[in-house]
Each structure stands twice: as structure tokens, then as C-alpha cells.
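For reference, the chains in residue letters:
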Amino acid sequence: MTTTAPVVAFDQVSKAYGEVRAVDGLTLTLRPGETVALLGPNGAGKSTSLDLLLGLKQPDSGSVRLFGTTPREAIVAGRVGAMLQSGGLMDEVTVAELVRLACDLHPKPYQANDVLARAGIAQIADRKVNKLSGGQAQRVRFALATAGDSDLIVLDEPTTGMDVTTRQAFWATMREQADQGRTVLFATHYLEEADAIADRVLVLHRGRLLADGTAAEIKAKAGARRIAFDLEGTIDEAPLRELPFLTSVTVSKSGSAAGSGQTIRIQSTDADATVHALYGLGVYPRNLEVAGLGLEQAFVAITTAEEAKSK
Amino acid sequence: MNSLIKLELTRALRNRKFLFFSVMYPSLLFLLIAGNADSTSKVDGTGLTLPTYMMVSMASFGALTAVLMGNSERIAKEREGGWVRQLRLTPLPGRGYVFAKTASAAVVSLPSIVVVFVVAASVKDVRLDAWQWLALTGAIWAGSLVFAALGVAIGYLATGDAVRPITMITYFGLSMLGGLWMPTTTFPQWLQDIAEWLPTHAYAALGQAIEQSRAPHAQDIAVLAVSFVLFAGGAAWLYRKDTLKA
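In the order they appear, the protein sequences are chains U and H.
Quick note on this note's numbering: the first sequence kicks off at 1 and runs consecutively.
Quick note on this note's numbering: the second sequence kicks off at 1001 and runs consecutively.
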């Protein structure tokens, strides 16, 4: 048994298409039981990374190991189930027939009926595959990826083509997979999805790993707490700008009926210290709110900072 | 892999258009061409009556249709649609996909051969010895593998848009020039000289040799063998190239 080997190990993996370095010296390790979101803007190298992970593409340099073996060996052993964005379906057969095929091909298969039920497609089992909506087709792909008892489930943008309600229902299905102790890796551009499901977030940008941590850590990395409060009268902005751990300040007229107030909005990497210093200025902040930055804003902050650096 | 063959077959049998063209169409064409021919005059230089001669041509044509069409267009479309990629995420070996396609095409090509025989025997009174019927069925069925390989090669060569015209040109070109629709003896001499080297001509000649109760020409066997090596080799090479690219 290779229980000690990491689920996924990328070691200095690079892949270029002509001049473009799609994946550039990527090193990362996934451990058993993790639910990991792979984030990145379009063209960040997400799809190429997943293709390399699954052995659909070979790296120009570096090595990719799954459970200490090659990706193909891991797939043949039934340890990996995957759905790709670019993964097509067989036409002119029914959903049930296709899922049964996936079960037959898997070394450790589940009952086709259970797979259909878990993927939420039991009602459309008799429908022809080429007559499905985008969201239904995604669920069928998910069923193919979960046809057997795999240790790693890889999902590339699984909720593309689903509306908000079905997307949230689908998260529950994904969480079920994680709760059974599997390692789940999914690429997404819905940051809300990463925030809601993942216990680890990888941010990919121009083929390199920009950030790796919990959603909270990623937010912190981006200067990620928001402080907002109202002040009566007007205040000199200069001392506010001197506050510690601060990344930005905006002052605006407060919308309250109280009259001539101001609303101050601050972003800080250490909200506790910033607020403590704020009281030291001798002001009396009202309606004080301290809140986390959304993962979305954190993500934008991290990638734009990187863009600026590379220019 | 058996389950994939089974599913490919289910799907082929569900496709009425495909079934019509591979199973019914050759028999209809046989009746059209041989329908008014009397059963005594012989095709030049063969000693066979027109119905007997055309029976083999049309059975070969039917088998060709089933394996060539079945493979090329499906493979090109499924490559483009991503089903081939999805299958590569299963333990199925890569060539299993090609084998399943070819196996299911072979299951469809068998009835297309037999239906032509039944029509020829019952409507045009074609009479052969028992061993000849069996040998014919076996030879035409086995020979269709050459064209199954060609279909796979085209499927991996062409894109989803281009595959139909390419298949059609190959299919009609090989059928007509190879003499599956009319005896090549009716061709002008220069065309006969070309036709002689086509695998479809060698394919039909194999069956006609059986009807004449003589050994097939070495040249026909060689043409078929070389074609098979070329097509299968080409298909394998294109398949590998596609796998590395995907």
C-alpha cells in the first residue's frame, strides 16, 4: 500500500505551448481527505494543470505523481474519478446506459442506480444524452466521475451551466463526496463555491502558484479585513492615513439622517491593531463594523497585485 | 471493454439511417443493377453471371459501408466532442475504444453481407456450393477489417467538419473505381490498370475467386495485405499523435 504517498504531488512541473508557459514550475502536494479549490482567472493554467494531473498531457519537465504512481496507473487502479470541462458524452445512448458503462469500466464500481441517485439524475435516467440541458449534462459528467469508489475526485468547473439554486444543491452533492473521506480537487471561477466548500484554496496565475491556504488565509493575504464606521462632524484625514496595518482609506459623507457626519472605510491586514490605534486618536467611532473581505475581492487584489509586479 | 462494445452496438442498431445504408442499401443496389440481367450471359473474362458477380461486389460494398462509415465519422466527432478524452479517464486502454468501434461495426457488417446473399439466392437464383457460401461470408467479413482500419485512420485524421466529405470521397471513389458497382472490365483500359491496384478491387476479387472455385491471385492478396498494414499503421500513428496532443 502507498498510504504514505501524497494523493497528488507536482514537482517543478512545466508545460509550454510554443511561447506561452501554461504551467510554470508548479510544485504542490495534496493530502488525503482535503477538499481543494483551484482558482485562477481564464488562462491561468487551471485546465492544463488538471490535464497534467490526469495524465492527458505530459509535462515538458518535472514530475506528476498520484498516490506515488503515474497518473495512468492511478486511473487504471480505479483511484481517480474525474470530470472535465472538455469531457464529452457518448451520443444517442440514455443517461442510464452511459452511467452503467462507467460503472462497468470502474475497478471498484458502485451500483448504477445509486450513482444516478447520488448525482440527482435518477429522474432523467431514460433520457437520451444528447437531449440534456447544460446543467443536466454536468450532473451526468459528475455521475461518470463518481461511478466507483475512487480516492480522488477531480472536477473541472463542475457547476458551469447551472443556475444558482441547482448550483447550491450540487455543492451538497460535492460535500457528500468529501465527507466520505475522499480527496476532492475542483477548479472553479465561482469564488463563492471555493469559499463554501474548500478547506484549502490554490490560486493559480500565469501557470504559477500565487497563494495556497485556507480561504481565510487567502483573504488575510490580500489585506483582507474591512473596517467601517461613522464619525460626527468632519475629521482630518491625515492622522487616519497614519493608522497601522492599513492598506486603504476612503472617506465619504455619511448617508444617515444625523446630518453632517462622515463614513470612513478602511482595509487593514490587522484589524485589531488598527481599531486599537483608532481609539488612540481620540475619536468616537459609531456603528463600527469589522468584516472579512470576500474571497472574490481578495482574489482580485492578489492577482492584480501580481499583474502590477510583472509589468 | 465488452460493455463498451455492447453499448456501441446498441447505439448502432438504434441508428436507422446507418442500418439502412449498411444493411438494406447494398441489397437494393444489387437488385437495381442485376435486376434485369438474365442469368446466362457472363461477365467478360470471369465465367460468372452478372448476378453472381455483382452479389460479391455488393456484399463487399455493404461490409465496406458498415465498417468505414461506422468508424470514421464517429471517431472524428467523438474526438472533437471530448468523449475520447472522457474515456481516457477510465481504466479502458486507449486502443479499447478503437477495438470496440471496429467490433460493433463488424457485427453490423455481417448481416449486410448475408442479406445480399439471401436476396441474390432467392430473387436471382444464384447457386453456389455450401463451402462457397461459407468461404465467401468469411472472406468478405475478414477482408472488411482492412477498411475498418482505414475508417479509424480517417477518424483520427479529419476534424468533425471535414470527416464526412473525406469519408464520402474515399467511400465512393474506392467503391466505383474498385469495381464494386460495375465490373471493371467495362472500364477503359487505363482505368482498369489503376483499378487493379485498389484494395476494394482486390477485396471483391477475393470473393469472385471463391465463386470461380479457384485460388485467389497473389496480387490481390498482396494488395489487401499491404493496404491493411498501411491503414492500420497509419491509424496507430495518428492515434498516438492525437493522444499526445489531447
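Hints listed in this document are in silico derivations from the structure and should not be mistaken for laboratory results.
Think of the CB as a built atom: it goes at the ideal place given N, C-alpha and C, for glycine as much as any other residue.
It is possible that part of the hints are untrue.
FRET-style restraints, in silico, Cβ to Cβ [what the hints assert, rightly or not]: (1) H:Glu-1080 to U:Gly-62: 27 to 35 angstroms; (2) H:Pro-1093 to U:Tyr-17: 23 to 31 angstroms; (3) H:Trp-1133 to U:Ser-133: 50 to 58 angstroms; (4) U:Asp-163 to H:Gly-1138: 54 to 62 angstroms.
Below 30 angstroms or equal to it, Euclidean Cα-Cα: the simulated DSS-like pairs (lysine-lysine) are [as the list claims (entries may be wrong)]: (5) H:Lys-1042 to U:Lys-128; (6) U:Lys-108 to H:Lys-1017; (7) H:Lys-1006 to U:Lys-128; (8) H:Lys-1042 to U:Lys-131; (9) H:Lys-1241 to H:Lys-1006; (10) H:Lys-1241 to U:Lys-221.
Does 27 to 35 angstroms hold as the CB distance between Glu-1080 (chain H) and Gly-62 (chain U), or does it fail?
About 30 angstroms separates the Cβ atoms of Glu-1080 (chain H) and Gly-62 (chain U), which means 27 to 35 angstroms holds.
Given the hinted pair Lys-1241 (chain H) and Lys-221 (chain U), is their Cα-Cα distance within 30 angstroms?
Measuring from Cα to Cα gives roughly 43 angstroms; hence the hint is violated.
Please verify whether Lys-1042 (chain H) and Lys-128 (chain U) have alpha carbons no more than 30 angstroms apart.
Not satisfied, since the Cα-Cα distance of roughly 51 angstroms exceeds 30 angstroms.
Take a look at whether the Cβ-Cβ distance between Trp-1133 (chain H) and Ser-133 (chain U) falls inside 50 to 58 angstroms.
Once the Cβ atoms are compared, 52 angstroms apart, the range 50 to 58 angstroms for Ser-133 (chain U) and Trp-1133 (chain H) holds.
When you check the alpha-carbon spacing of Lys-1042 (chain H) and Lys-131 (chain U), does it fall within 30 angstroms?
53 angstroms, violated
Satisfaction of hint between Lys-1017 (chain H) and Lys-108 (chain U), Cα-Cα up to 30 angstroms:
37 angstroms, violated
Look at the Cβ atoms of Pro-1093 (chain H) and Tyr-17 (chain U) and judge whether their distance stays inside 23 to 31 angstroms.
27 angstroms, holds
Hinted pair Lys-1006 (chain H) and Lys-128 (chain U), Cα distance within 30 angstroms:
17 angstroms, holds
Cβ distance range 54 to 62 angstroms for Asp-163 (chain U) and Gly-1138 (chain H), holds or violated:
Between Asp-163 (chain U) and Gly-1138 (chain H), where Cβ atoms are some 57 angstroms apart, the hint holds.
Need the status of pair Lys-1241 (chain H), Lys-1006 (chain H): alpha-carbon distance at most 30 angstroms?
28 angstroms, holds
Comparing the model with each numbered hint stated earlier shows that hints 5, 6, 8 and 10 do not hold.
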